[in-house]
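Novice: Taken in order, these protein sequences are the chains called G and U. Just so we're aligned: 352 in this note's numbering is position 352 of the first sequence, and the numbers increase by one with no gaps anywhere. Just so we're aligned: 205 in this note's numbering is position 205 of the second sequence, and the numbers increase by one with no gaps anywhere.
There may be inaccurate statements among the hints.
[As the list claims (entries may be wrong)] Label pairs and their in silico Cβ distance ranges: (1) U:E333 to G:D183: 24 to 34 Å; (2) U:K365 to G:K344: 57 to 67 Å; (3) G:D358 to U:E245: 20 to 30 Å; (4) G:N99 to U:P256: 20 to 30 Å; (5) U:G69 to G:R186: 42 to 52 Å.
[Unchecked claim] Rough simulated footprint, nothing fancy, chain U against chain G, three-plus residues with beta-carbon under 8 Å: (6) 296-305; (7) 314-324.
[Said to hold, decoys possible] Calculated from the model, a selection of chain U residues having no Cβ within reach of chain G, i.e. all distances over 12 Å: (8) D65; (9) G129; (10) G133; (11) S224; (12) D272; (13) R280; (14) R300; (15) S303; (16) K375.
Just so you know, the hints here were simulated from the structure itself, not pulled from any lab data. All residues carry an ideal CB built from backbone N, CA and C; glycine is no exception.
Number of protein chains: 2
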Amino acid sequence: MKVVLFALAGCRRGFFAAERANGRFESQARAGDTNQTTEERQPMDVANHQFKLAARPVGLPKATDWHYGESPVAEPGDGEVLVKILYISLDPAMRGWMNDGRSYIAPVAIGEVMRALAAGQVVASNHPGLAAGDYVTGLLGVQEYAIANGNAVMKVDPQLAPLPVYLGTLGMPGMTAYFGLLDIGRPSEGDTVVVSGAAGAVGGVVGQIAKLKGCRVVGIAGRSAKCRHVVEELGFDAAIDYQAEDVASALHEHCPGGIDVYFDNVGGDILDAALAHLARSARVIICGAISQYNAVDGMRGPSNYMSLLVNHASMTGFVVSDYGDRYAEGAREMAEWLGAGKLKSREDVAEGFDTFPDTLLRLFKGENTGKLVLKVAGD
Amino acid sequence: MKVVLFALAGCRRGFFAAERANGRFESQARAGDTNQTTEERQPMDVANHQFKLAARPVGLPKATDWHYGESPVAEPGDGEVLVKILYISLDPAMRGWMNDGRSYIAPVAIGEVMRALAAGQVVASNHPGLAAGDYVTGLLGVQEYAIANGNAVMKVDPQLAPLPVYLGTLGMPGMTAYFGLLDIGRPSEGDTVVVSGAAGAVGGVVGQIAKLKGCRVVGIAGRSAKCRHVVEELGFDAAIDYQAEDVASALHEHCPGGIDVYFDNVGGDILDAALAHLARSARVIICGAISQYNAVDGMRGPSNYMSLLVNHASMTGFVVSDYGDRYAEGAREMAEWLGAGKLKSREDVAEGFDTFPDTLLRLFKGENTGKLVLKVAGD
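Build the full structure now, drawing on both the sequences and the hints.
Specialist: Structure, rendered in structure tokens:
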């Protein structure tokens, strides 16, 4: 797959291009039918199906937490585009967006179309930089059609990489891996880098970049097929199957000099096991805690955190939007690596818009290998 | 009190001048009677009382965890000094030294004299840099007399500062506050700095240094008298009495822009409350976790650690010996501040060698204000 630098010109504000104005969350995408009078906007003769948040989940999201509805598609206003969604990105962060409370981004409101990154094709445009037929990615929501501000979507070229790659390695998960590992982890040649969720969209990229930087890389994943994938296909030095092995003793075996960089996507027991094996001056990157997102009795903290004290180590958190002003830098280097065959991208493509609730659960059951996307319509 | 730079020439290895050789811990001080044959060393006609570790405590150390014994005082060997101990330092870290397991320093062995920093007077010297009558500090143990390598103690001048100050503000706790706050916390003028254990030996210094750096400083301490002390005597901007107030809402009130630097000495609920109020890019310094040291069901991790992710914040641990090669720098500046009256030192002096077990417990009951020391003999 040959990939060169893709255009970032269309996106000024990055993946989470949503702004809070006076405490109110302005979603970058909206459905055709919301808050629009017929005077303002003429509906098109096409139905738009949507999953809206019906209730805040307790534990794993269940069927009754969603409202599946239909509404007519509207026309874009000034500066807006109408996008036909082709692929919806399924990301662990979506679970957090469903909870109430202060976070890095406002919660999805009850009754609102579920927030999601997606890739699609422009059907109609009132934005000078975008034309019908262009392909874009953005925070378009779990629906078949979205109206979005043209400045808040990113134009992509499906000739350079398949659309799902723009939701994975060249999208939010790829940038998450790139900036989290390089900016916070600061790996040096010869460092031992451990990553959890190693077969996921972020973890697989983290390990591959660490290999490119000359590190020894150990992945932690569930099930032997995933472990084989990260070692045999992605080039990790070793993988630990947390469902079949004792993670603490496996880390001891695979990291005899301790862990210099630990990239955590999962939290819970695995974070604790990694903390217990830190090397001096280790850097722990807190990227996610998928094992805890559906906990009904609250988050569990890492009881081994005093290992930070013993080892003069640090634990630093981030979200990818922290690096919004450096996306172009990350995207350029990642595209070069992909184009040169130094980085492999793996997508796990589910089909059928109406399967969204069940497909989302695959993330939390650890059933995906690579970037999980839902194919909504043909390219 | 006028204090100028005190001599550090005698101490090459710092406070925890103990080295592991092939896994074996070589204590810097030893008792006169341990592992010495009468051929090697003639006992002096003086009794040395000692507290040895009899059992590893479960929870708070109890009377039966100690063995109080008497042995004759020996003479120093080549390069060694015999020190009459005048003040023993009581530090929260001592509780950790009593536990088995890998840490930044080897555990005190069962049957070994309890490890402690102490200040005393040289009685006999076989070290060229020290003479009888000199005052020194070092890791001398919970005993009345200690034999120490002369390179592993620090000569101090009681004319410049009282001996207990060399165990507090100019000693290990002072250096802990200095390097932890300045090197890890990196406070800038106008930052909001919060410190727990604010009336303790470390916390009181942290807050005063933060004030010198132009920060707004909020202390967290137990009991109103301690809160008055840190505000009225040490110059903190505000104090929160965690026994009488809801810490989370008090932090919300006193830190409207969030916490830029949180210096944690306590762990548990207070660490969680502070994490919930971090400002963007906050630095959390993990110096101790006194609320957890005696927990019988294991350490509790900070369940709000995902606040690090939301706020792009970091949590970094350290022990003072990490800064062993920079002690002179810290001691020089701290002595200047003390001499100029910019820094106040407060000691809490208990008396009577045999009260050691109970006096140590005062730390964990939060009964001390300032540096807790045990006066063993007159200067």
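Novice: Please verify that the nearest CB of chain G lies beyond 12 Å from R300 of chain U's CB.
Specialist: About 6 Å separates R300 of chain U from the closest Cβ of chain G, which leaves it inside 12 Å; violated.
Novice: Grab the minimum beta-carbon distance between D65 of chain U and chain G and tell me whether it stays above 12 Å.
Specialist: With a cut-off of 12 Å, D65 of chain U remains clear of chain G, as the shortest Cβ separation is near 22 Å.
Novice: Over 12 Å from every CB of chain G: does G133 of chain U meet that, or does the non-interface label fail?
Specialist: It holds; G133 of chain U is separated from chain G by about 38 Å at its closest Cβ, greater than 12 Å.
Novice: Please check whether the beta-carbon of S303 of chain U is more than 12 Å away from every beta-carbon in chain G.
Specialist: Check fails; 4 Å does not lie beyond 12 Å.
Novice: Can the stretch 314-324 of chain G be counted as covered by chain U under the rule of three residues or more with Cβ-Cβ separation shorter than 8 Å?
Specialist: holds (count 7)
Novice: For R280 of chain U, which was marked as not at the interface, is the minimum beta-carbon distance to chain G over 12 Å?
Specialist: Nearest chain G Cβ is 9 Å from R280 of chain U, so the label is violated.
Novice: Holds or violated: the 57 to 67 Å window for the beta-carbon distance between K365 of chain U and K344 of chain G?
Specialist: holds, 58 Å
Novice: Using Cβ atoms and 12 Å as the threshold, tell me whether D272 of chain U really stays out of contact range of chain G.
Specialist: Not fine: 7 Å to the nearest Cβ puts D272 of chain U too close to chain G.
Novice: Given the hint of 42 to 52 Å, check if G69 of chain U and R186 of chain G actually sit that far apart at their C-beta atoms.
Specialist: About 51 Å separates the Cβ atoms of G69 of chain U and R186 of chain G, which means 42 to 52 Å holds.
Novice: Indicate whether the distance between the beta carbons of N99 of chain G and P256 of chain U respects the range 20 to 30 Å.
Specialist: holds, 24 Å
Novice: For K375 of chain U, is the shortest beta carbon distance to chain G beyond 12 Å?
Specialist: holds, 30 Å
Novice: Confirm or reject the claim that D358 of chain G and E245 of chain U have a C-beta distance inside 20 to 30 Å.
Specialist: violated, 47 Å
Checked against the numbered hints listed earlier, the structure breaks hints 3, 12, 13, 14 and 15; every other hint is satisfied.
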